[in-house]
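As you go down the protein sequences, you meet chains A and B in turn.
At position 471 of the first sequence the residue is numbered 470 (numbering that gives the first Met the number 0), and the sequence of numbers has no breaks.
At position 100 of the second sequence the residue is numbered 99 (numbering that gives the first Met the number 0), and the sequence of numbers has no breaks.
Keep in mind that the hints were calculated from the coordinates and are not lab data.
Just so we're clear, the structure is a prediction, and the values are computed from it rather than from any experiment.
Any given hint could turn out to be false.
[As the list claims (entries may be wrong)] A few chain A residues that face chain B, going by a derived Cβ cut-off under 7 Å, partial list only:
| # | residue |
| --- | --- |
| 1 | 451 |
| 2 | 454 |
| 3 | 478 |
| 4 | 479 |
| 5 | 482 |
| 6 | 484 |
| 7 | 487 |
| 8 | 489 |
| 9 | 493 |
C-beta atoms are modelled at their ideal positions from N, C-alpha and C, and glycine is treated no differently.
2 protein chains.
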Amino acid sequence: MKFKELLQQKNVRPYVLAARFGLEKESQRVTFDGQLATTDHPEVLGNRSYHPYIQTDFSESQMELITPVANSIHEMMRYLAAIHDVTLRSMNKHEMLWPLSMPPRLPQKDEEIKIAKLDQFEGVLYRRYLAKEYGKRKQMISGIHFNFEYDNELVQQLFSLQTEYTTIEEFKNILYMKVARNYLRYRWLITYLFGASPVSEPGYFTEREERPKEPVRSIRNSSFGYKNNENVKVSYESLQHYIEDIHRMVENGILSEEKEFYSAVRLRGGKQMADLPKTGVRYIELRNLDLNPFAPFGVDEDSLGFVHLFMLYLLWADELEAPNDWVATGEFLNEQVALGHPFAQVKLMAEGDRIFAEMNEMIETLALFGAKKSLDIHHAQLRTPDLTVAGKMWTIIESNSNQDLGIVFGKEYHDMAFERPYQLAGFRNMELSTQLFLFDAIQKGVEVEILDEQEQFLKLKHKNHVEYVKNANMTSKDSYIVPLIMENKTVTKKVLAEAGFTVPTGDEFDKLEYAEQAYVKYAEKAFVIKPKTTNYGLGITIFKEGASLADYTEALALAFKEDSAVLVEEFMPGTEYRFFVLDDQVRAIMLRVPANVVGDGVRSVEALVAEKNLNPLRGTNHRSPLEIIQLGDVERLMLKEQNLLVTSVPEKDQIVYLRENSNVSTGGDSIDVTDTFDESYKQIAIEAVRALGAKICGIDLIVPDKSVQGTKNSRTYGIIEANFNPAMHMHAYPHSGKGRHLTMDVLRMLYPEVFESK
Amino acid sequence: MKFKELLQQKNVRPYVLAARFGLEKESQRVTFDGQLATTDHPEVLGNRSYHPYIQTDFSESQMELITPVANSIHEMMRYLAAIHDVTLRSMNKHEMLWPLSMPPRLPQKDEEIKIAKLDQFEGVLYRRYLAKEYGKRKQMISGIHFNFEYDNELVQQLFSLQTEYTTIEEFKNILYMKVARNYLRYRWLITYLFGASPVSEPGYFTEREERPKEPVRSIRNSSFGYKNNENVKVSYESLQHYIEDIHRMVENGILSEEKEFYSAVRLRGGKQMADLPKTGVRYIELRNLDLNPFAPFGVDEDSLGFVHLFMLYLLWADELEAPNDWVATGEFLNEQVALGHPFAQVKLMAEGDRIFAEMNEMIETLALFGAKKSLDIHHAQLRTPDLTVAGKMWTIIESNSNQDLGIVFGKEYHDMAFERPYQLAGFRNMELSTQLFLFDAIQKGVEVEILDEQEQFLKLKHKNHVEYVKNANMTSKDSYIVPLIMENKTVTKKVLAEAGFTVPTGDEFDKLEYAEQAYVKYAEKAFVIKPKTTNYGLGITIFKEGASLADYTEALALAFKEDSAVLVEEFMPGTEYRFFVLDDQVRAIMLRVPANVVGDGVRSVEALVAEKNLNPLRGTNHRSPLEIIQLGDVERLMLKEQNLLVTSVPEKDQIVYLRENSNVSTGGDSIDVTDTFDESYKQIAIEAVRALGAKICGIDLIVPDKSVQGTKNSRTYGIIEANFNPAMHMHAYPHSGKGRHLTMDVLRMLYPEVFESK
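All chains, full assembly: derive it from the sequences and hints.
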């Protein structure tokens with residue numbers, strides 16, 4: 000099978016870089032001084048029996064982070080970043096993740112290394128067997144498993160260009176066996192470039208044990224790492240041989256189960272290895288990447304990008320020896336490289352140069368011009384060992400210590416996760432509510448897929464239960480007509496009024512002429528003129544004590560500029576509060592105050608604004624819970640109306656407003672007042688939302704005096720608006736008052752079974 | 000109580016013309032030659048036991064049309080028009096409504112006049128009693144009952160300005176009693192202006208009976224009309240007297256029930272008359288309007304506008320005699336006027352002039368300048384009797400016959416209802432689907448209220464079951480997330496693909512640069528470039544045999560002009576069909592063909608288009624099932640590409656397309672092909688809609704060859720799009736093929752109980 004030729008065919012070319020990726024990353028939980036954590040796996044992470052993203056590996060302290068399968072490395076890394084963020088923020092506040100493959104200093108007594116407390120006794124039994132067979136300390140090594148799948152279209156196109164194999168499954172098996180053998184043959188290069196376990200902590204190797212001459216490139220990838228006993232031997236000649244050998248060893252008791260076979264690669268497909276000939280190998284698992292301490296998540300995109308090119312090269316490159324010789328040579332070379340000194344020149348320079356030359360030829364032939372840079376960078380490292388990961392590590396360890404390295408980097412990555420705790424790494428470009436909601440789903444182990452990123456469209460899945468969610472608040476729980484009712488102010492008012500709630504009385508007009516004729520009805524009242532569909536307060540005029548015909552007409556013209564329909568409405572005096580109602584409960588009540596500063600008698604408005612903007616909750620473009628206060632034209636005009644300049648110094652405790660409107664999006668303050676409200680108002684909000692038929696609703700009530708008890712059929716309140724897409728992030732991280740975790744309430748409403756199952 | 004002064008107060012002025020209106024109109028069903036219909040009440044109208052709009056009065060042939068309560072006469076008349084349309088189109092195709100108050104020529108034998116076949120035996124018994132007490136023929140007279148209620152705000156304002164009465168109920172009773180007495184006193188003017196029963200048909204009066212000297216102004220409003228026996232006497236001095244008198248008569252057996260008390264007015268409020276003192280009179284029922292044969296619906300807006308002013312005048316004007324004298328004078332004067340010759344001058348000229356003078360004074364004082372015209376028109380009729388309704392009728396009857404009058408006008412109004420059977424009178428400004436849906440709701444007796452006319456937002460009610468509907472297809476039956484899925488092409492495709500359906504493969508790009516990089520993937524394929532959100536086909540380019548890089552880039556730029564996200568998608572060859580799926584059934588399949596004409600070898604394109612546009616189904620602005628074919632720039636360009644001009648003469652049977660796109664909105668033809676499709680395709684459409692979770696969906700399938708059986712996991716079809724707001728009117732009245740009444744299916748889905756109850 001001449002893959003090199005097939006890959007150059009016209010129909011194949013568009014797909015050569017198409018692939019699917021997945022990753023598992025292990026890490027030990029440790030205290031800030033580098034001691035193995037003695038706490039249990041965080042309870043807040045839900046149930047380990049099904050958690051798709053966060054599991055425990057061998058020990059209770061050993062986290063295993065699992066990304067979903069993605070169509071690009073970039074996409075996969077976003078998930079890894081997010082899962083990292085969730086894991087760190089879900090852990091005990093005084094713990095971090097150990098950034099090294101080699102475990103931190105371990106307790107002296109083996110009993111203090113606790114096996115993962117799984118629900119399934121089977122899993123516990125297997126770990127007990129491993130502890131006995133290999134020793135607990137070996138099992139504490141961590142690393143990365145990278146799952147790689149050639150794109151289906153690529154495989155299909157290759158298959159269709161040949162005649163030797165008649166089924167796609169057979170063809171895939173041939174393909175993956177070739178790649179596996181080439182990987183084992185050339186993997187020394189991966190060990191050289193990315194090996195990252197140069198030294199062990201005292202006590203890792205027992206006194207009696209043989210041990211490597213540290214520092215090396217990778218203890219983990221050497222014979223001193225985590226590997227099967229000598230008598231485990233597998234042929235890679237064909238998939239059939241491979242399966243038969245493993246089967247035989249399981250039957251003879253050399254291995255306890257198939258999965259005890261440790262190799263740098265594993266062929267994956269059906270549920271059991273025996274299924275592979277029928278189902279075809281679906282993907283290959285690369286198991287030899289050490290944790291890179293210089294990458295916040297243990298691995299970086301550039302390295303994986305190189306591995307991706309390497310995988311294409313392994314398909315491209317011919318094998319030069321008989322299969323088992325080829326693999327055996329590779330094993331031998333890898334051991335040499337793994338145990339070499341991190342600063343030492345590798346002895347395989349000629350073969351290394353050949354590999355890079357062939358890779359360069361490949362990318363030129365296939366016109367993968369974007370790949371050149373990655374090849375050059377990694378090729379350079381072949382002659383400069385101190386640029387490899389192990390090299391860089393040894394530079395630090397030599398003048399400090401391995402433990403220092405682990406603690407400093409571990410702490411840095413821990414702090415990163417708490418810098419902007421309202422955001423979720425990997426998904427910072429999405430709306431904040433969706434970031435919060437993604438956090439919750441990942442934490443509770445509900446599978447989440449992003450169907451449309453720009454549109455904040457998610458698919459959730461737990462077992463067979465699928466839900467689609469948009470903007471983190473639009474769900475299957477509301478009926479289609481309900482948001483349409485709420486979107487329409489006139490209809491909302493009619494529905495609420497018919498159900499006996501107090502709403503401002505008023506009229507809707509679609510012609511200026513008709514609106515003018517109604518003047519006499521409003522002339523002497525407090526009233527508001529507004530476009531039917533409002534947009535950040537544009538076109539609204541409030542007349543608190545009636546209006547002259549001229550003012551009335553002018554205000555109408557202003558409103559008609561914004562919309563073809565205009566509402567003239569009674570003005571209800573009082574303070575406006577946002578009641579967030581979800582599933583028949585008021586989950587939060589918020590007061591929004593226009594952008595403002597409070598004087599101290601010393602500093603200028605400008606200085607006060609600058610200080611207020613230092614709050615890490617303030618940001619721009621709706622990616623923070625609060626927005627930066629601007630000092631633009633609108634704000635300066637507002638100051639001018641108060642006879643102030645940006646340089647004016649307000650008196651102590653003087654509140655200076657910089658905006659008329661109270662939107663958080665224009666720098667307003669959000670104040671949680673949920674617990675200060677009488678139950679009677681909450682009941683009114685709940686019943687009004689029920690009358691609208693909504694499950695999730697932000698309903699705005701004007702309350703003249705909240706110290707008075709609210710009653711439905713009275714003027715103790717008035718309902719101004721019902722919002723079908725209410726902001727949730729401002730409740731989670733308010734300017735003052737208690738934060739309300741509403742996205743978790745949405746998740747609970749959608750997946751009660753996940754919350755009950757613990 | 001000086002109402003005249005109260006009405007002039009500042010706080011009252013805005014509300015003087017505010018009122019609520021309702022109307023009941025009786026009409027006999029007759030054949031086109033004026034014979035009483037012998038058929039039963041139309042079964043298609045559903046169940047009379049609750050029908051809010053269409054009932055039967057005394058006889059099985061006597062329709063009673065009932066409008067809902069409205070805030071303006073205009074609004075009320077829209078409903079009357081609509082109910083009329085529904086009634087006529089629901090009747091036997093060879094029947095019409097008799098446009099006169101006096102019945103058509105009646106069968107000789109009383110037995111042939113059939114009492115309404117009501118389900119409730121009580122109702123039947125009461126009608127049997129009436130037949131015995133008054134004779135069946137008298138009960139066959141028809142007329143209009145007009146319900147009038149002064150606006151609540153008006154009454155409240157008046158109430159708050161006086162101190163004499165302490166409860167609003169007491170005040171309302173005083174108010175309505177005054178108005179009732181004034182009405183009875185001055186109603187001769189209404190009889191004069193609007194009386195419309197000048198003659199009876201032979202056989203209406205029996206030989207032995209006393210009869211008026213025909214022609215008169217109004218038999219119905221005279222002592223020869225439908226009135227109680229002489230011994231029925233009621234005092235109008237106060238509400239208490241009024242109630243006591245009626246009660247006494249019922250107890251003494253002079254009346255069988257309260258409702259047997261016939262008077263020109265009735266005071267209405269609580270469930271029973273006895274409740275009135277407590278509940279207060281809510282409205283007044285005016286019972287003396289004859290059917291006006293010159294108004295298509297038996298009464299016109301102008302006349303009712305005058306009655307409205309008259310009602311305000313009755314509140315304004317002082318009573319000049321003691322209550323019962325005042326009423327008795329009115330009864331006497333009315334009898335004189337009713338029995339006067341239609342052409343005769345009325346003897347009450349002075350009083351008439353006084354009434355108009357006072358009304359003029361009133362509208363001037365209250366600044367109701369818009370009312371002047373109506374007063375002038377009706378005042379002129381005081382001196383010109385042949386301009387009154389009775390006068391105009393006698394002009395025709397004299398030279399033809401009463402029966403001719405009834406037949407000619409009845410037929411004209413009947414034909415009006417069938418002129419554009421897809422529209423609904425009164426609501427022609429709404430979207431066609433909503434008109435069809437309103438028709439269905441009125442026909443089946445589901446109460447319907449228009450919450451927002453521009454937005455096609457309806458509230459439906461049957462007993463306690465409320466539903467809200469927008470665009471006739473957005474209902475509570477779909478969940479919120481479903482239309483959001485369908486609105487998003489990328490998400491729709493992902494959901495369908497994951498469920499195993501065939502959709503075009505492709506990519507979404509939000510940057511031109513990324514899209515350009517994908518060129519190699521599409522270069523050799525058949526593919527389409529389109530904006531993610533399409534709008535009448537703008538920005539779409541189809542490459543049926545691959546594309547050059549230049550063409551590819553140009554097409555991308557075109558698409559990015561329309562949207563910030565662009566899809567590059569495999570092109571699926573075949574014909575596109577719209578499957579309309581509702582409640583797990585395919586209700587219609589439609590083929591849409593671009594605007595076209597078929598040549599006859601004689602006429603020009605222009606002439607052929609003109610002829611095709613004669614089809615009454617074609618109109619403009621989406622208010623017809625098909626649109627007029629234009630001959631604008633786009634069409635001329637399309638002709639030019641075929642080397643044709645609008646003056647060219649196509650050959651016989653040559654199909655000339657005038658548009659590339661097949662939208663019905665640009666003159667395309669809609670062809671129903673529901674019955675030509677194999678069940679397999681219907682099943683695919685149903686399952687795909689189920690996968691999307693939708694109850695109502697217009698799903699577009701590309702089918703290469705519909706003679707081949709469709710299978711889910713194959714290229715026998717491809718799903719292009721799923722529409723959450725699918726047009727329904729084009730299915731109801733297609734260009735060719737069978738019409739599908741989809742709006743009725745929506746109504747059935749919402750109200751199964753209404754369809755089961757028959």
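Now the hints, each set against the structure:
Residue-level restraint check for residue 451(A) holds (minimum Cβ-Cβ distance to chain B is 5 Å; threshold 7 Å). Because the closest C-beta pair between residue 454(A) and chain B is about 6 Å apart, less than 7 Å, the hint holds. For residue 478(A), the interface hint holds, the least distance from its beta-carbon to any beta-carbon of chain B being 4 Å, beneath 7 Å. Interface hint status for residue 479(A): upheld, as the beta-carbon distance to the closest one in chain B is roughly 4 Å, under 7 Å.
About 6 Å separates the beta-carbon of residue 482(A) from the nearest beta-carbon of chain B, less than 7 Å, and the hint is met. Hint on residue 484(A) holds. Least Cβ distance to chain B is approximately 6 Å, under the 7 Å limit. A hinted interface residue such as residue 487(A) counts as satisfied when its beta carbon comes closer than 7 Å to some beta carbon of chain B; here the least separation is about 6 Å, so the hint holds. Proximity of residue 489(A) to chain B holds as hinted, the smallest CB-CB distance being about 5 Å (cut-off 7 Å).
About 5 Å separates the beta-carbon of residue 493(A) from the nearest beta-carbon of chain B, less than 7 Å, and the hint is met.
Comparing the model with each earlier hint shows no violations; every hint is respected.
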